[in-house]
Structures are given as C-alpha cells and as structure tokens.
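S.K.: In case you want the letters, here they are:
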Amino acid sequence: MNKTTARENGKMTVKSAFGITLIILVVGIAGSEAWASEHQPSIADVLFTVNNVWMMVATFLVFLMHLGFATLESGLTRAKNTTNILFKNTAIIAIGILTYAFVGFNLMYPVAGAETPDWNGWLGFSGFGIDGSGVRETSEYNPGYTYWTDFLFQAMFAATGATIISGAVAERIKLGSFLIFTVLFVAIAYPITGSWKWGTGWLDDLGFYDFAGSTLVHSVGGWGALAGAILLGPRLGKYVGGSVRPIMGHNLPLATIGVFLLWLGWFGFNGGSVLSAAAGDTSRVLVTTNIAAAAGVVAAMLVSWSIQKKPDLSMALNGALAGLVGITASADVVSPGSAALIGLIAGALVVVSVIFFDKIKVDDPVGAISVHLTCGIWGTLAVGIFSTNPEHSIFKQLVGVIAIGVFTFAFALIVFGILKATIGLRVSKGAELRGLDLSEHDQEAYSGFQIFTTQ
Amino acid sequence: MNKTTARENGKMTVKSAFGITLIILVVGIAGSEAWASEHQPSIADVLFTVNNVWMMVATFLVFLMHLGFATLESGLTRAKNTTNILFKNTAIIAIGILTYAFVGFNLMYPVAGAETPDWNGWLGFSGFGIDGSGVRETSEYNPGYTYWTDFLFQAMFAATGATIISGAVAERIKLGSFLIFTVLFVAIAYPITGSWKWGTGWLDDLGFYDFAGSTLVHSVGGWGALAGAILLGPRLGKYVGGSVRPIMGHNLPLATIGVFLLWLGWFGFNGGSVLSAAAGDTSRVLVTTNIAAAAGVVAAMLVSWSIQKKPDLSMALNGALAGLVGITASADVVSPGSAALIGLIAGALVVVSVIFFDKIKVDDPVGAISVHLTCGIWGTLAVGIFSTNPEHSIFKQLVGVIAIGVFTFAFALIVFGILKATIGLRVSKGAELRGLDLSEHDQEAYSGFQIFTTQ
Amino acid sequence: MNKTTARENGKMTVKSAFGITLIILVVGIAGSEAWASEHQPSIADVLFTVNNVWMMVATFLVFLMHLGFATLESGLTRAKNTTNILFKNTAIIAIGILTYAFVGFNLMYPVAGAETPDWNGWLGFSGFGIDGSGVRETSEYNPGYTYWTDFLFQAMFAATGATIISGAVAERIKLGSFLIFTVLFVAIAYPITGSWKWGTGWLDDLGFYDFAGSTLVHSVGGWGALAGAILLGPRLGKYVGGSVRPIMGHNLPLATIGVFLLWLGWFGFNGGSVLSAAAGDTSRVLVTTNIAAAAGVVAAMLVSWSIQKKPDLSMALNGALAGLVGITASADVVSPGSAALIGLIAGALVVVSVIFFDKIKVDDPVGAISVHLTCGIWGTLAVGIFSTNPEHSIFKQLVGVIAIGVFTFAFALIVFGILKATIGLRVSKGAELRGLDLSEHDQEAYSGFQIFTTQ
Amino acid sequence: MKLIIAYIQPEKLNDVKQMLFEKKISKLSVTNALGCGQQQGYQEHYRGTVVEINLLKKVRLEIAVNDEFVEPTIDAITTAARSGEIGDGKIFILPLENCVRIRTGETGIAAIG
Amino acid sequence: MKLIIAYIQPEKLNDVKQMLFEKKISKLSVTNALGCGQQQGYQEHYRGTVVEINLLKKVRLEIAVNDEFVEPTIDAITTAARSGEIGDGKIFILPLENCVRIRTGETGIAAIG
Amino acid sequence: MKLIIAYIQPEKLNDVKQMLFEKKISKLSVTNALGCGQQQGYQEHYRGTVVEINLLKKVRLEIAVNDEFVEPTIDAITTAARSGEIGDGKIFILPLENCVRIRTGETGIAAIG
Ligand SMILES: Nc1ncnc2c1ncn2[C@@H]1O[C@H](COP(=O)(O)OP(=O)(O)O)[C@@H](O)[C@H]1O
Ligand SMILES: Nc1ncnc2c1ncn2[C@@H]1O[C@H](COP(=O)(O)OP(=O)(O)O)[C@@H](O)[C@H]1O
Ligand SMILES: Nc1ncnc2c1ncn2[C@@H]1O[C@H](COP(=O)(O)OP(=O)(O)O)[C@@H](O)[C@H]1O
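Chains as they are written, first to last, in my numbering: chain A, 9 to 463; chain B, 9 to 463; chain C, 9 to 463; chain D, 163 to 275; chain E, 163 to 275; chain F, 163 to 275.
In short, the hints are calculated from the structure, not lab data. Take the hints with a grain of salt, since some may be wrong.
Restricting the straight-line Cα-Cα distance to at most 16 Å, the calculated cross-link-like pairs of lysine to aspartate or glutamate (EDC-like) are [stated by the list, open to error]:
#1 Lys437/C - Asp177/F
#2 Lys185/D - Glu247/D
#3 Lys219/F - Asp177/D
#4 Lys219/D - Glu224/E
#5 Lys219/E - Glu224/F
#6 Lys437/B - Asp177/E
#7 Lys246/A - Asp177/D
#8 Lys186/E - Glu259/E
#9 Lys246/C - Glu224/F
#10 Lys246/B - Glu233/E
#11 Lys437/A - Glu259/D
#12 Lys246/A - Glu399/A
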C-alpha cells in the first residue's frame, strides 16, 4: 500500500477508457486466484502494453534529437549567433508540437482522425485538434500502441523538418520570418507530402518505399533548407572574390554532443518506425542503423583526410549523420552488409556535397543540405538498389523523390519569397556583423567570456 | 550458448527470490513443450515485468533531471561560480540516494517498510535502511514493479527538492552549510510532507490530489528556495539603489541543454508517476505533459517579447519548465486542451513572477522560486479547476498547498536560520567577488579561458 | 489505418524470419476472436519481446557512455587538445562497431556464430561477419533477446575498452598510431579475454565471476591505458624536478556532463548485463549500482577534502566512476549494504591511486588508470569478499584478474611498442605545445574564444 | 618611431586591416578590450529586466611604425573605422624609443617592418 | 597628455570605475591580463595535487588624459583599488603625443575626453 | 624607466618567464593577442576548405623596468623566445614617466620592482 493505491483513488473516477489497464492493476492486486475472471488481461493486451512502452521510448529518443540539432547547429556556427540558434530550436519544438496537434496530424493521417473524410490520396483533413478518448487507447485502435503515442511519436518527427532548415539559414535570417515559415512548414508542407506515403496516399499506392523518412523527413527538410539558403544568400565574408573563406564553428564539443545525441535519437527514429516492439524487426533495424552510421564516420573521415590532408572532426561528425540519413529509408529491408555500403557511400557523398555547395556559393553553415538533402535522396534511391524486397524499384523511388522534392521546394521558395518581399528575410549588415544575439535578442550566449566577434 | 548461460551458472545459487524470472529463462530454453508445466510464467508475471521495465526507464529519465538541473543552474549563473554549482549538484544526488535509502524512504512510505508501524497519517517510520528480499521482488509486493524499482524511482524524486534550492541560493551560499541543509531536507522535510499524500496520510484521506508532485516535489523545493534566498540576501551588485542590475548567465548553451534534459526527464517524472505501464494512461500523460511544456514556451516567449521588446531565451527556457511544473499535478486528469491552457498560464506566470521577485528584492539567480513555487502552486490549484474528476476541488487543493507550504517554509527557515547563527550561511564579500570556484574550491571551471570575472 | 499498415505492405515480403512478430501484429489486427488460432503469440513470445525491449534500452544507454567518455575526457584536458579527443572518441565508436561486427563478436562468443568451431576455452573463432537470419530472431536463439540485440549490446561494450585508453594517452599521442592500436585492441585483445569468461571459456569453467565487466571491460581498458601512459611518458611540464604540476582540465561542466552520462549509461551497462528484463534481478542491480556510485562520490569527496583541505570537483566526479567500476563485477550478488561499502572503498581508493600514479610519474590526464584499473581490480576481488554466493572466492577472482591483466598488458605493451619503434607514438614537442588540435587537425575546438594556450 | 594604439568597433576590424594593407602597413597586433566612452552603452535584456552594458566591446590595435608611416596609418584607420556614430573609437600616438626583432636581433627602424 | 596604464585586482574594477566617474574621468579601456609580481600566487587544487598559479588574474586599465587629470586619475585608482595587501597593483604613466577621435577627426586635447 | 612590450609565440612564455627570473626580473604582465606580421598565417581545415588564419595567436608581455634592467630584459626575451623562424615576435621599448605602487603609494624607481 503506497503511492499506487493512493493515486488510484484519484484515478478511478476519471471518465476515460482506461478500462483494460486498470483492470490489470486490480487483477494484479487481487492475486492469482482472480485469473479465471472475465476481465483478465489477455496476451494481446500485454503485447499491446509492450509495444506501447517501446514506442514511448522511441518518442523520447526522437525528442532528444531536437536537443541534438540545437547543440550541433550552435556548435558549428559562431559564438555571436548562439542565443539566436538556441532560441529558434526551443521555439521550433514548442511550435511544432502545438501546430501538429492542432492541424498537422489530421492532415498527415486523414484516416486517423475522428471523422474520416474523403481520402483521395493527395489531400485530406479530418478536423482540428486531437482526441484520443474511447477505444483509441486500446489495441482496437492499433495493435501497436495508443492514439496518444501515435500522435506524440509523429509530432516529434514533424518538428524535425523545420529544425533542419534552421541550420542552413543560421547566422543571418530574421527571427520573426523564420518562425512564421516554421509554422507554415510544420502545419502544411510536411503533413501533405507525409500523407502521400505514410498517410496511405498515392505514393504508397504506387509502391514507393521510405521506411523512416529519408525523403519524407530529411530531404523535405533539405529542400526547405536549400530554398532558404538560396534566397538569403551567403553570410558576409564567406565568399570573397573567387575564394571560399570558411567560417569556423565556435564550439566543437557542443557539436559533438549534438551528433552523439542525434545518433542516439535515431535509435528511436528508425527503431520506433517499426511501429511495434517486434523483437527481430526492431533489433535488426538498430543493427543496420548503427552499421551505416559507423560506416558513414569512417568514409567521411578517410575521404576528408585524403582531400584535406588533415583529419577533420566536423566532417567525421557529418559522416555519422550522413550514414544515418542514408539508411533511414531502408533500415528494415537491407542486410547489415548493404547497410555498411549505404553508409560508406553516404559518408563520402556528404564530403563531396559540402565542397560542391561551397563551389556554387550556396552557404550552408552546418552542412544541413548535404546531410539531409543529398544523403536523403541517396538513401531513398538505395532502397531500389539494396532492398531484399523485389517489389521495390529505383524508378518508383525516383518518382517519390521528385514529387516530394518539387512540391516542398516550390512551397518553401514561395513562402520564403513572400516573406522576403514583405517583412524581409535577412537582418541588416550591421546586425549580422554584431551578431544576432545582440541584434535580435539583446542577449549574449557567453557573458563574461572574451570572444573575438570580429569575424 | 553465450554470456547468458555463463552468467546463469553464477547466478543460480544466489539465495534470493529470483524464482519466477529464472524459471522464465529456463522455460524459454526448454522450449514450447514445457508450457504445460506448473511453473510457467503467467500473463500477470509478464505484465509485471513490462510495468517494471517502464518504471525503470522512468527512473533513468528522472535521474537525468539531475544533470538537467546541474547544467541549467550553472549555465544561468556566472563562470566564476560554476565549479561550485556542479559540485553541489553532484553531491546532492549522491547524498540524496544514500539518505533516502537510510531514512527518507521509510519515512515517506511508512507502510512500505518491513515492519509496519502505527501509521497515523502525519508521521510514521518503518525503520532504517532498505530491504527488498523475498516476495518484494514479485507482483505480490506491487502489481506494478518491484520494491527495488519503487525505492529507486522515489529516491530520484527525493533529491530533486534540494536541487531546486541549489539554484536559488547559488553564487553566495557556503558549501558546508548547504550540504548540511540538503541532508536534513532530503532526510526529513521532503519525506514527511510526502507521506501526507503519497504515503497515504491525512492529505490523501482528505481528497487532495497531486499526480506527480507540483506541490509535493516542486513547491516543496520552491519554499526551501524562498527561505534560503530571503535569509541569504541578494548577490552583491544585484540591487543597486532602486534599480535591478541583472547578472547574466555565462553559458546559454549549457542552460538550454539543461532545459531539454529536464523536459525529457519529465517524461519519466510524469509518465512514471502512473506507476504502471498502462498504455492509455501513460501515453495520455505524455501528451498532456508535452502540450503544457510547449504552451509554456510559447506563452513565456510572447509575454517576455512584448514586455521587453526583444525575445528572451532565458524566459523561453523558463517557460518550458513552468509549463511542466504546472501540468505535473494534473497530467492524468485533464484533457489536452486544458493542458494547453495550464501551460499557457504557467508560461505567462513565470515571467511575471520573475519580475515580481526582483521587485521585492528576493534574488533568485536561476528563477527557481518562480518556476517551482509559483507554477507549482498554480499547477496544484489547476487540478481543482480543470480536473475531469468531480471529486477534485480547488478548496482541498488549497488546503494541501497551505499545509505543505507552511511546514516546509518553516522547516527551511529554521534550519537555514540555525546555520546562519552558527557556522554562517554566506561567504565573505571578498570570496563572493572572486567567485566561489576559487574561494570554496581552489578550482576554476574554465581553466585557460579569458573571462571577465569583474562583475 | 495509418503508418503501420502502409509500412506493413512493404515489410510483408521481406524474406526474413519475422514470423512470430508479424503474426502478432496480424493477430492484433484480427482482434480477439482470433485467439483460438494456431498462430497466436504465446506468453513466452511476449516475454521475449519484453526482454528484447529492455536489452535494446540497455544498449542505448551503453551507447551514451561513449558520449560520456568523450565529454569527460575533453573536459579534463586542455582546450588546445579538445578537437583531437573528440575526434578520437568519434572514431572509436565507429571503428569499434564495424570491427566488432567483422571479427570481434565471433572471437568473443565463438559458440554464437553460425558455424560452431572447436571451442577449447582459450581461443575460438566462428568466422567473419554477423548473420542473424532465421531462428536467431526468436526465443529459440536466446530466451532473452534476438541475435541482433545480442550483437549490438556487446558491440557497445567492446569499444569502451579503447575509449578508456584514449583518456590516459590524451594530449600527446599521435592520432594515426592511436587509431591503429584501437582497431587491434577491439578486434583481438578485448574479445579474446572476453571469451575466457563470457564466451564460456576456461575462466568461466574455473568459477571466476565478473557480472558486467569490472575486469573484462574496465581493467582491460585500464591495463591498456597503463601500457600507453608508460610508453608515452608524461606530458611536457607535468613533472618538473621533483614536483608535480597538475595540468587543469579546461571545461568542468563538460566533464560533469560526462560523468552523469556515464552514470546513466551504467544503468544499461549493469542493468543490461542481467541479459533479461527479469524484474527482481534488474531492479536490484540498479539499486546496488546506484548506491555504490553515490557512496563513491561521498568517499572521494571526503577523502580529497581532508587531504587537500578544499572540496575537489574532479575527485568527486571520479568517485562516482570509481564506485560504478567497483560494483560492476558484483552488482547482482551483493546486498545494498555491501554495495555501499564497495563504493566507499572504491571512492577512497581512486583518490589515493591518482596521487600514487602521480608519485611514480605515470601521467594520466583524466585518471583513467585509477578509475578503471585500480577500481576494476578492487571490484573484481570484492566479489570474493561480499558475494552472497558461497562458490565465489577471492582466489578464483585473483586468477582472473592476473590472467587477464598479464595478457592485456603484454598485448598493449607489444602493440604500442611496435608503433613506437616504427611510425612513432608521440607528437613532437612543438606540436604538443601548440596543441594537437592545430598540429594534428588544423582545427581549433573553440574558434573565437580567447584562451591561454601557454600551459 | 611611434607606437599607435587604436580602439575601434569590433565589426570594423576587417575593413581597417584591409585599408592598412593597401597602405603597406601589414604588421599589427590586436587584442580584445572593453571600452567606456561617450557611447552610453546598449541594453541587454535578461530575465525581465534591462541590463546596462556600459563596458562595450572594442578591439584594440597596436601598430609600431616609422615616423613617415604615422600619417598613413592614422588616415587608414579613421577612414575605415568611421561610421559617424558615437563609439567609433580613438587613436593614441606614443613615442617609441626602440624596437627589436626577436628572430634576428635587428633593432630600430630596420626592425619595425 | 598622458597615457595611464593601471593593473588592479579584478574585483576592484567596479569601485575604481565609480571613483573615476566621480572625478569626471569617464573614458577608459579595460583588458584582461595575467600578472606576476610580489604576490606569490595562490594555489589551486586539482586531482590530488596543488597547482601553483603564479600568473594571477588582473585587470588592465588604459586611460588617456590631459595633464591636469593625471593627479585625479592616480588618486582615484589608488584610493579605490587599495586593500593594503600584496597584489593591489601598479600604475604606469606614459607620455602621450597625440590623440585622434575617429568619429570627428578631432585631434589633441580636444579629442581625449 | 622604460616600459617594454614584447610579442612572443605563446609556447615560449614559460621559457621567457624562466629566463627573466634568472635575471631577477620577476614582475610582468601578460595578455593574449593576435598578431599580423611577416609570418604568413597557417591554415586551418574546416568542412572541406582551407581557412587562412592571418591573425596568429601571440602573447603580449608588458614589463616596466628601471633603466639598468632594459638590456637584461631584452636579452632574456630574445634568447628564450628565439626559434629563428618567422613569427618569433618583436620587442618595443617605450619611455615610462612614472610608476605608482597602489598598495603603498610609492612612486618612481622604488615602485617598479
Ligand atoms: N580617454 C580615453 N582613454 C582610454 N580609452 C578611451 C578614451 N576615450 C575613448 N576611449 C576608447 O574608445 C572607445 C570609443 O570612445 P567613445 O567616446 O565611445 O566614442 P567617440 O570617441 O566616437 O565619442 C571607448 O569605448 C574606449 O575604449
Ligand atoms: N614592473 C612591472 N611590470 C609590469 N607589470 C607589473 C610590474 N609590477 C607589477 N606589475 C603588475 O601589477 C600586479 C601587482 O603587482 P604585485 O607586485 O603583486 O603587487 P604589489 O605592487 O602590491 O606588491 C602584478 O601582478 C602585475 O600584473
Ligand atoms: N610593427 C608592428 N606593430 C605591432 N606589432 C608587431 C609589429 N611587428 C610585429 N608585430 C607583432 O609581432 C609578431 C611577430 O612578427 P612577425 O613579423 O611575424 O615575425 P618576425 O618579426 O620574426 O618576422 C606579429 O604577429 C605581431 O603580433
């Protein structure tokens, strides 16, 4: 008799469908003699509980990715813009959850809503807000987990797209414009393309495959990042004359923390995308995911070491992310050997891509476009090459990549374009030189530290 | 044949009640033909195991909150006091676990101990130390989890109270005095008020409701913080003449890491307070918790933006914590919509409260009083307003808030008062100016860095 | 109808033994009327799923230890070597996973491979690469978890040894030499000694006991660290004349983050070493683990406070690790009281050991030898003293400690020795003074910050 | 020989360096400094109250030059660092008695450049 | 005109600034410095051994003043920065040949204040 | 009295301090600085491109000495800081008019040491 019982008293009268689980508790208390009773939990109930625990754990890990992005992005940019980046990342997760609850979820999964609309496979919406009352907390809603878990896991994914963009437009975008963009992106763009595949829309019918979102999450974020970086133009002093002057990140321990947290978070991102705790499935996905990440590190390390003659930490870190983005589309349909190959290629690709985007003067402070767009596309196509499922084809994959790319890039260009034409997209030259922490927030990130803010 | 079997050999002879679980393993090995046997695990056994896994995961997350507090508090104070804050937070968790094992647990849950004492609902104690041998590792102890898990989950909560205080008294309190206070607070004050409700004491009988501790944990910490801040007085240079001179935190990335970790930890704090893995219950609590946190961020962001004209990261971060503290009492008895409202109000409240405490010259370096006391009270009262359980009433809630507040505030005032009168509470002026890292520890936190320590 | 179903379509045709788990899903969808069917999941299947979830969670936590080591080691060394340490730690986990997949796993668990070789208890190998297809994803492989989980959990352990060494040789070792050493250590040395006990080899037959690796993981890393530190010699300026000039760590918040993450990771390290989710077993292990860690902090705090007159944060942090390493061998066979004693002794020991190694001029920047070797030996012997299992004896423990120590130390001396004689082990004096970040990587960790790099 | 000390706004450093190079002055030393002057200090916001920052970040240049370079140096700095707003900074000119190049041991005028 | 350089204990900066303001000296520049002097260095403890810190943290002030302000400046600093203990610091007075206000181009005595 | 300013390579600081002590010069102040000189700047690598770092890290010493100590100070610095490679640094000697010890109020020659 302790906390449990005390709390139950309070809980008992709550008018919700906690039936099964409460009964389980009661039965447990009553002891084994009660097992013959009508209300005993079935094996399916227990399995449902296990699946739900797993999915909640996965949700936690995906949440942690937002801290990963916040630390990675601030670590790879300058000290004078740190408060700004941290602010954006804190705002994104908050806005993301609320927006997704209000609009996004019912736009992405039209058939999951309370009232099922006509779902034509292109655009559907089942009303504002979330409501998981009733049977939706039991396995009759879903054998894997409850409506609430379903929503929360998806909500954590949703904000990721905007976070990816945040890195590419860092150090020069106006805070207000970025936040407006974020709301629209999370509320509209991400859910619509998401519905095409995961919402059982037309791409799903076509046979396009994207396990956990190389395209649906990462390249979507990547396209938005590309649009933003192009419309904003490069940071002052990045491209002078014909030459590239890299602007170094101010805190590599912070960036490393970010990458390790993202790697960890991916265990939930991919492991949770199995959508049940199925032992073989989940653990195999974890193995392919890890092998790809490790291979990405090794490839990026070697390629950058041989190009630059010195081993580059920022590239090794990007290599891990490249491998992870690369395996995301196919983690459940490839062998560990294929996973290694996918990761190696992604790790090499990210180095080449970073150099390429600098060549064409698209300034991406943290390499978000290379990691999420380039490797996201690669990972999606890799399904067509390496999948053990003969129905997957590189052609179908290409259709998905292009369709989602065109829609998202156009959406982002238009929204960013309108913002640019109206309230403006970029801070003034003076504000950029002083740093966004002072110009946008009046708040330094490292008060007291002596920092050269002249670059 | 691998690690498993090798270890089992060693384990087999251990004289503990590992019965059921070992049998499970054996049965697993024996294969399905053994299912008819007498000793097969029952559905209840498996459910017990699931619940226990969930509670262990929740325990990990609450543990992580201590790192969250350590980083948040050091990030929001000055570089010259960082070692001191980190030391305190490391000591608190260590002292907290040991103290709670020796005294606190049996004071808080008198009926959970081996010998059940007369439990009058106000003060009970079932002996020193913990002992989970025998049936206490099975569902006969508790349908949700083992005695060990029960202890550890509660132990992680216990140290939280002291950690909250640590932030409010930072940058000027003597280390020794603080550590003595911590021991007494965790050993005596927290468990006693805890027993009134969670230990099935008089407040529980009354119908007071506090799901995961808006009052029992957070406002308890908040009252201690208030007592400490008052008796210590403000930091040098904080209030000069009639004006407030804010002393800026030295490392906002560190503070942001802290808030994200606390947010994550709250998944365990609230999710674990369901005290089982019940799918609907846990996942619904996670949704209300997250929505309140997100709403807290948005409200704090907007309110501080409109008051100060610039968006304040430290306020957005506090907003997340405000929302989380606010929803803690009611996470399982309110709808997502109510959760959003509770979070919004908490987020606005924390901004106003920070400004208020500065007005009355109570110096709280990290805003602990505003976050944990103000929003803790708000959250507890919110149960009376938003709960779907008609038996909850704002009046009963008020009784709990006041009873626990009076006891804790008095306890803290007396203990801090005695320390002040004897060994002293505050370091010398010179020590404060040089910073506690040098004066109390002879150890800088950022050796080699150029830092202006003149403020 | 959402993500689940869409994905299942893709999954259905995958030619793998996902049988049981898929069936579970199908059954779940079919609803309760299907329970009478042939293919319903059994209680054992569900328990298998639970165990596997627990082991995956444990795997995540052990992964996080690598971030813990990365931050601890960089925090306790100088700012000018930070990029180098982060690079090493990123490379180690990547190389570790790949190497272990290719060679290590089948060397450590010869009987877990596809083709079972002659396993003589000293050296066995079941072929290159991993393959978990077929029955290995079900409880017929292992009642606790799948082959994949088995591999991944072990892989996360494997890289730990190399990470431990990284700290002791920091600030002066050549990157290339270190990476070569790492590959050989993870591929050969660690798996061979591991196979003697966990691979059911001769030490296991003897009755040597090491629950989660005080010897098999920690002292193995410690011996490698000792060999490295001896062959490298101390850092410039550490021992001048007869006196020791400590070189202070540059970022104690980073070091503190490291220790908290390691502590958290240990929940998985020890908790997962139960190799099932058995409720009593796992939760008891968590309690002994935490009590030892807390006791380690308190002991190290008090001992260093009384020796140095000031409370030393770096020692308190090391105390936590000391307690954790100390309890690792015996976490499942000692009482909470014994755990406290083991932790207290470990915490005192680590302080004395750090001072001792400085006396004999073995320069270990982060105290890795004292934490992992000294306390690893202590913890292993403690099994013989405190175990509740009468078959454990201090003599058998000593045999294990010595056998593994001799092998590992010799291996490390030889490999480091060959590297020293050929490509060289240590960077030039100039490179060391400028810092490895510039000399080995051309990349500063804290660009823009004013840092005194003169020490 | 003179030692020229200049305090400028941090964001002007690159422009000033550029301009000095154009005038063939390529040797200089830079440190961070905090400055108090006519510029009233800006405000930072933190946790609900306004922070008066009256020690503003400046960059301090130290340039040793031969006498004929004094004018060009001052010109270069004033041109490149001037925004016309309060806080632009100051230049101080001090007499310099001697100068030694550590590498070669050269002294005086020969050692400056 | 003189250039006054002063090394003081970091914790005295606020008091010194205050005192200078009272004497109408409101323009100065501040940098961090490490100092070696009679003060023997304090000890830090780290991982079981004592660290001799013989480069102590100081704050360096640089104040350009017209001749009549030299005395008040020195007075203000000595008064506010003196604790009587070793390590209080030093003041150095250097001749200053000229001074330029970047914003206006003013030079000499007019530019100092 | 002179004020000696020296820019040296950071890694030479310990050697220089040691050598100065041997010559009985035990009082000095140190700051971090960035220097531009003949040394061309090294390269850092970052994300695929080469970074030209043309502001190199230096350490700046400031030593006030009585006239008879000028030579020994210069000697000590040049000896200990010289590697023969570009970037070794410079020493500047400025006239020092007066010196005040804050603790005692002593001035002039007595206050320097
Ligand atoms: N008399 C002085 N002594 C030392 N530093 C000065 C002096 N006057 C100005 N400075 C430096 O120059 C900076 C700019 O001076 P300020 O008076 O704000 O601008 P302006 O000269 O354009 O009015 C100050 O922040 C300070 O660092
Ligand atoms: N001759 C000098 N040259 C340069 N700096 C000096 C000199 N003498 C003192 N200082 C600076 O002044 C600080 C205080 O000097 P110290 O000798 O410790 O105090 P006191 O003058 O009170 O005896 C030193 O740490 C150093 O920074
Ligand atoms: N004329 C100068 N004015 C100010 N600082 C100088 C001057 N010349 C050299 N320095 C400082 O001395 C450092 C070393 O000078 P450099 O020309 O690179 O070496 P060297 O004198 O050996 O050729 C520079 O980085 C700079 O900090």
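S.K.: Are Lys437/A and Glu259/D close enough, with their CA atoms no more than 16 Å apart?
M.R.: Not satisfied, since the Cα-Cα distance of roughly 42 Å exceeds 16 Å.
S.K.: Checking one constraint from the list: CA of Lys437/B to CA of Asp177/E, max 16 Å. Satisfied?
M.R.: It holds: about 14 Å lies between the C-alpha atoms, which stays within 16 Å.
S.K.: Do the alpha carbons of Lys437/C and Asp177/F lie within 16 Å of each other, as the hint requires?
M.R.: The given pair, whose Cα atoms are some 14 Å apart, holds under the 16 Å limit.
S.K.: Keeping to a limit of 16 Å between CA atoms, is the pair of Lys219/D and Glu224/E held or broken?
M.R.: holds (14 Å)
S.K.: Next pair to validate is Lys246/C with Glu224/F; report whether the Cα-Cα distance is within 16 Å.
M.R.: The hint is violated at about 27 Å.
S.K.: Sort out whether Glu233/E lies within 16 Å of Lys246/B, counting only the CA atoms.
M.R.: The hint is violated at about 32 Å.
S.K.: Take the C-alpha atoms of Lys186/E and Glu259/E, compute the straight-line distance between them, and say whether it is at most 16 Å.
M.R.: Since the Cα atoms of Lys186/E and Glu259/E sit roughly 22 Å apart, the hinted pair is violated (cutoff 16 Å).
S.K.: Can the restraint linking Lys185/D and Glu247/D be considered satisfied, given a maximum Cα separation of 16 Å?
M.R.: Violated: Lys185/D and Glu247/D sit about 25 Å apart, past 16 Å.
S.K.: For the pair supplied as a hint, Lys246/A and Asp177/D, is the alpha-carbon distance within the 16 Å limit?
M.R.: holds (15 Å)
S.K.: Sort out whether Glu399/A lies within 16 Å of Lys246/A, counting only the CA atoms.
M.R.: violated (46 Å)
S.K.: Given the hinted pair Lys219/F and Asp177/D, is their Cα-Cα distance within 16 Å?
M.R.: violated (20 Å)
S.K.: If you draw a straight line from the CA of Lys219/E to the CA of Glu224/F, is it 16 Å or shorter?
M.R.: holds (14 Å)
Hint compliance for this structure: hints 2, 3, 8, 9, 10, 11 and 12 are not met, and every other hint is.
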